[in-house]
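Peer 1: Protein chains in written order, with the working numbering: chain A, 1 to 234; chain B, 1 to 730; chain C, 1 to 91; chain D, 1 to 91.
Among these hints, one or two may not hold up.
Claimed, not checked - Distance condition first, Cα-Cα at most 27 Å in a straight line; then the derived BS3-like pairs of lysine-lysine:
1) C:Lys13 - C:Lys25
2) C:Lys43 - D:Lys43
3) D:Lys43 - C:Lys13
4) D:Lys43 - C:Lys25
5) B:Lys442 - A:Lys2
6) D:Lys43 - D:Lys13
7) B:Lys618 - B:Lys588
8) A:Lys2 - A:Lys35
9) B:Lys565 - B:Lys618
10) D:Lys13 - C:Lys43
11) B:Lys442 - B:Lys618
12) A:Lys193 - A:Lys2
13) A:Lys40 - A:Lys193
14) B:Lys51 - B:Lys27
15) C:Lys13 - C:Lys43
16) A:Lys2 - A:Lys40
17) C:Lys25 - C:Lys43
18) A:Lys35 - C:Lys25
19) C:Lys25 - D:Lys13
Hints were generated in silico from the structure; no laboratory data involved.
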Amino acid sequence: MKFGVVVFPGTWSDRDCGWVIDQVVGAQLQYLWHKDADLKGCDCVILPGGFAYGDYLRTGAIARFAPVMQEIGEFADRGGLVWGICNGFQILCEAGLLPGALIRNASLEYRCEWTHLAVERTDLAFTSQCAEREVIRVPISHGEGSYFAEPAVLSRLEQSGQVVFRYCDAGGRVVPNANPNGSLHNIAGIINKRGNVLGMMPHPERCAESELGGADGLKLFRSVAGSALRVLVS
Amino acid sequence: MSLDTVDSRRLREVALTPEEYRVIVEKLRRPPNMVELGMLGVLWSEHCSYKTSKTLLRRLPSAGEAVLQGPGENAGAVEIGSGWAAVFKIESHNHPSAIEPYQGAATGVGGIIRDVIAMGARPIALLDSLRFGPLPGSRRHFDGVVAGIGGYGNCIGIPTVGGEVYFDECYANNPIVNAMCVGLVRVDRLMRARAEGTGNSLMLVGADTGRDGIHGASFASVELDELSSERRPAVQVGNPFLEKCLLEACMDLAQTDAVVAVQDLGAAGLTSSVAECAGRVPGAGARIDVSLVPRRERGMTPYDVMLSESQERMLVVVQRGRESEVERIFSTWDLTSAVIGDVTDDGHLTVFDQTEVVARLPIDLLTDGAPPRRLAGVAPEPAPSLRLDSLPPLLDPGESLLRLLASPNLCSRRPIFRRYDHMVGDSTVVAPGGDAALLRVKGTRLGLAMTTDCNARYCHLDPNLGAQHAVAEAARNIVATGARPLAVTDCLNLANPDRPEVYWELEETIAGLAQACRALELPIVSGNVSLYNDSAGTSAIHPTPVVGMIGVIDDYAHRLEVGLKHEGDFVLLVGSSLNDLGGSEYLKVEHGTVAGRPPPLDLTREAAVNRLILAAAKAGQLRSAHDCADGGMLVALAECCLLGGMGVRCPALRPEAPLRLDAAFFGETPGRFIVSVASRAMPELQTLARRHHVEISLLGMAGGDTVEFEGQFRLQLDQIRQAWETGLSF
Amino acid sequence: MTRVVARVIVTPKPVVNDPQGITVKQGLATLGFREVEDVRVGKYIEVSMEAESMHEARERVDAMCRQLLANHIIEDFHFEVDQVLHRDTHR
Amino acid sequence: MTRVVARVIVTPKPVVNDPQGITVKQGLATLGFREVEDVRVGKYIEVSMEAESMHEARERVDAMCRQLLANHIIEDFHFEVDQVLHRDTHR
Ligand SMILES: Nc1ncnc2c1ncn2[C@@H]1O[C@H](COP(=O)(O)OP(=O)(O)O)[C@@H](O)[C@H]1O
Ligand SMILES: [Mg+2]
C-alpha cells in the first residue's frame, strides 16, 4: 500500500500524516506536490489538514484548482482511495467530489479539542478495523467545520448510509451537546456513493500513538493499509 | 553645530532628541539628510537600540554549559542532547495590540516566528503571555488578542502550547501581549545572521513592501497618547499564509550551502535588518538599491522603503553567483525574491536609488551609536504593609476555594487554549491546561518543556523579589513535568522609564532576574524590553517581567502531569508553608486588598525542592505533580482533582502555630508541590526527601468525587468544576 | 415607522495590506483571469431594521458602522439605505 | 481596452445558517441598536481589471464568480461593473 500525501502551499498536516504512515504504520509514503500532475502510483491519496492558500475567500476554494486535483478527480473516478482530512474535506467539497460544504463553526471560534465519533460504517476501506458502532476519540482543529448540505442532499446522504462519522458523547449518543461546530445531523465525516472518497473534519493523524493522548486514529490508517490486499483481490 | 538644519517637529517625528541629533552631526561631521534621519530615528528608538536598558541588561547572566547562542542574535540557542538545539525567544507586541488587538497580536506572533527561522530552526511551538484590564470592560482587547494569536498560529501550523493570562486594572489601556516561539535545529546547522563575505548578495524575499507601519519602532517607544491617532495607519495586517510559505522555503534554504545568513525584517524593516546583519561582522558594510525592492504600492520614496515594516519578509545573504538557486527555492513556494544589494567591507550602509546615493551611514553609528540614557531611579512609596492579625479568620475554606477558582486570574484557561491549535506537529505530549507544556523531539526520547510565567502583583509590591518569583515559578512549572530547567528568555514590560520610580522598577527587576537566574543556574539567552506601557492620564502598568523558560527530560515516558491518577494514592505536600499571605490572590479576592510583600523566597530551598521532585520523578516514585502558585495549596490541590477527574479525602488541616489556617490553605509560599504517590512508594520517597532536606507532609488520599477536609469543608467535584470553568464567561 | 434595509460595505483601507485580496488575485490568475490587476476583499453586511425616517436610519447605520461594523483603524465603510415596502421584499 | 472595476457581493443563501450575522445582530443590540431585526454577513470583492468591452467584462466577472468567488451550495452573488476613467480612481 502506497500512501500519497498532497502538499499545497499552506498545508500543515502533511508532515503529521507522513509521520504516521512512515513511522507508525510503516507503509510506503509519497508526498505529492500540488503542481504535480502525477499521483506516482499511490493507492490512497490523502488531502491533509491546513490552510491551503490561507483558506482565503473560502476554505478550499483556491486549492481545488491545483493541477493535482484534476488527477485526483480522475483517480477517484477509477475507484482510487481519496481521503480528505480537515482542510482536505473542505477541498473535496469545493471540488464537488463530495456533496455539501463546510461553513463557520456555530460558535464563530476556532476549536481544537478531543471529540468522540460514532463510526457508522465499518465496511469501508477506511474503517474496516473499527468495530460495529464503535466510538472513537479523535481531536478536531478547525474554524470552519460545520457541515451543511441542502435538505434533499442531506436526506439522500442519510438514506444511502453515506455518513461515516458523527460527533457523539463518550457513550455514543449523538446529542447536540457533543456537536462542536454546529454540523447538520452532527456530521463529522461522509463518504461518496461508491465508497472510495472519504472526507472528515477530525484529525486521525493526531491520535495514532498513545503518548499523544490516544491511538484510535491508527485504526483508520491500518484499515487503509490493510485494504490493499482486498483491493487487489476484488 | 546647531539645529538650524532640521526643525524640531521633524526631530519629534523621527523620535530623536536634540541631543541625539547633535551626536549624529558630530559623528557624521555633516547634517544627515532626511532619509538618514529617518533611518537613525528608528534604529535609535528605545525599541531597537535599548538605549535605556542596555547597560542594565549586561547584568543578566547569559553563559552556561548548554548555551550555543546567547543574546545578540535573533534568538538564543541551547543544546538539548542527541545533537539537537532548542532555539527560542519571547517578544512584546503591546503597543500595536492596544490599538488593533487582532492584528497587533497576530503580527506579534508572526514576528517572533521569523526570529526563530532566522536561526535555521524549524519553529515547533508558540506560547503567549497576556495581561488585560478586568472583564467585561476589556473584552475588545481580550477577544481580539486571543483571536489574533490563534488566527496566526493556527493558520501557519505551529501549535500554541502554553501561556498565561491575568487581569488587572493597570492593564486597562495598556494590554500586554508577549509571544514566545521555540524551534529545533541540528546543532551543526544552527545559523547566525552575519553578513559575511564581501561581494555576497543581499536578497529580499517574501512579501512585497508597502507603506506599513512606518515609524512603528519609534511608536513602540513612546507613551500611548494623542499622538497615536495620527500614527494609526501604522497598524499592519499579517499574512500567516505567506509566512507559512516563507517558513518552508527557509527550511529548504537551510539545506543548501548557497546561503550565508538569514535575517528577519522586524521593527525598522530593511534599515535594521541590513544594519544588524552587517553590524555582527567587524568592518562589514552593505550596499542596497531601493529601486530593486519589490513594492506593493506605487509612489513609494526611498524613505518609505527603508522604513517600511511590512510583515513576512526576510533578508538572505547569498554566496555570490548562487542567487538563482535561492530564487528557485522561493519561486517553488510562489514567493518573490530579489537581489537588492551586496555585502561590502567599508563599514557603511549605502543606500542607492538606482544610481543616486540617498543615504550613507556608518553601520556602527546605526546599530551602536545611540547614546545610552543614564537615568536615576527613585524608590516609590512602599505598598501598604500587611498585618495578618488584623485579618478576620478563615471561616469556610470551601466557599473561599470556590470564589478563588472562579476568579478570572485563577479559573480554567480552556476557553482560551481551545481556540489555539495546540496539537499540530504530532509532538504535544503534555497539552496546555497543566503546568508547563511538554513536546517530544521526534526521533529521540527527549522531551522539551516550556512555560511563560510572571506574577506581576508581586512585582508591583516588590519588583526585585517579584522578578525572582517569576523565575522560580517558571522553573517549578518545568520541574512539575519532570523536566530539568535549562534556559530562559525574558520580556521586560514596564511603564515610562523617564519617571524615576519606573526606572527604579527596571533596575530592581533586572537585579531580581539576575539573582534568581544565577542561583538556579539558568542562563538568559534571549529577551526583549518593552517600555512606555502607560497612557496619558491612566496609571502605569505593574512591572511585568515575563519569564519564558525551557527544560529537558531525557525520556518523556517519565513525564509528570497535574491530574491525580489512581484511587487510593497518597496526596502529599512537598515543601513547607510559611505564615504569609502577602500579595496573594486570596487577599485580593476575599479581602479586596493588595498589600504586604510577596512571600519570602529562598532560592537555595527552591533548588533543593526542584532536585527532589526531579529525582523522585526519575525514580518513578511520583504519579502526578503540580506546583503551588497563585491561590496557594488548596487551589493547587483542587486543580489536581479537576485535571485528574478524581476527588481527594483529607483529615482536617490543623497547622501548627504560628501558621494560620488561611495561610496554610491559601498562602503562596514558593517551593511547594502537590504530588501523588502509590502507597508502596511512600517509604522510598520519604528517604529521598530526607536526603534532600525537604519536608513532605501527607494531605490525604485520592479518590471519590468530592474534595474534602474532614470537618472543615466538603465539595462535590462537579460544583468545583462549575466554578472553575465559568470564570471567564462574562 | 419604516422598515429599511441598509447595505453596508466595509473595505480594507487602500494603504493597508490585504493578504486575502492578493491571494485571490493569484487564484484568479491561475484560473486564466490574467486581466485582473487588483483584488480587494471586504465585508458586506445587510441590516434589516426599523426607523422613524430615512434620515434617522442613515444616522443609526452610520453609528453602527463606527461602533461595530467597521474597524476604522484598518477599514473604510460606506452604505446605502433603502425602504422596504413589503415585509419580505429582500428575501 | 477599457479599465473596469467590478463590485461583487456574495451573501449566504437564506437557508444557510449565518452565525456571524446572528452575532453581529446581538452585538448591535448590546450597543443599543435594538431596532435591528436581522443581519446577514457576506463578502464584498472588488476586482480591477481590463476588458475589451463592458459586455465582455460582465461575462468574465460572472465566470469568476461561478468558478471561484462564490460557492453555489451556500452562497448567492451579484455584481456591478463600472468603467474606470482615471488610472487610480479606486486609490
Ligand atoms: N494565554 C494562554 N495561552 C495558552 N495557554 C494558556 C494561556 N494561559 C494559560 N494557559 C495554559 O493554562 C494552564 C494554566 O495556566 P496558569 O494558571 O498560568 O498556570 P501556572 O499557574 O501553572 O503557571 C497552563 O498550561 C498554561 O500554559
Ligand atoms: Mg504551575
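Peer 1: Please list, smallest to largest, the hint numbers that this structure does not respect.
Peer 2: 7
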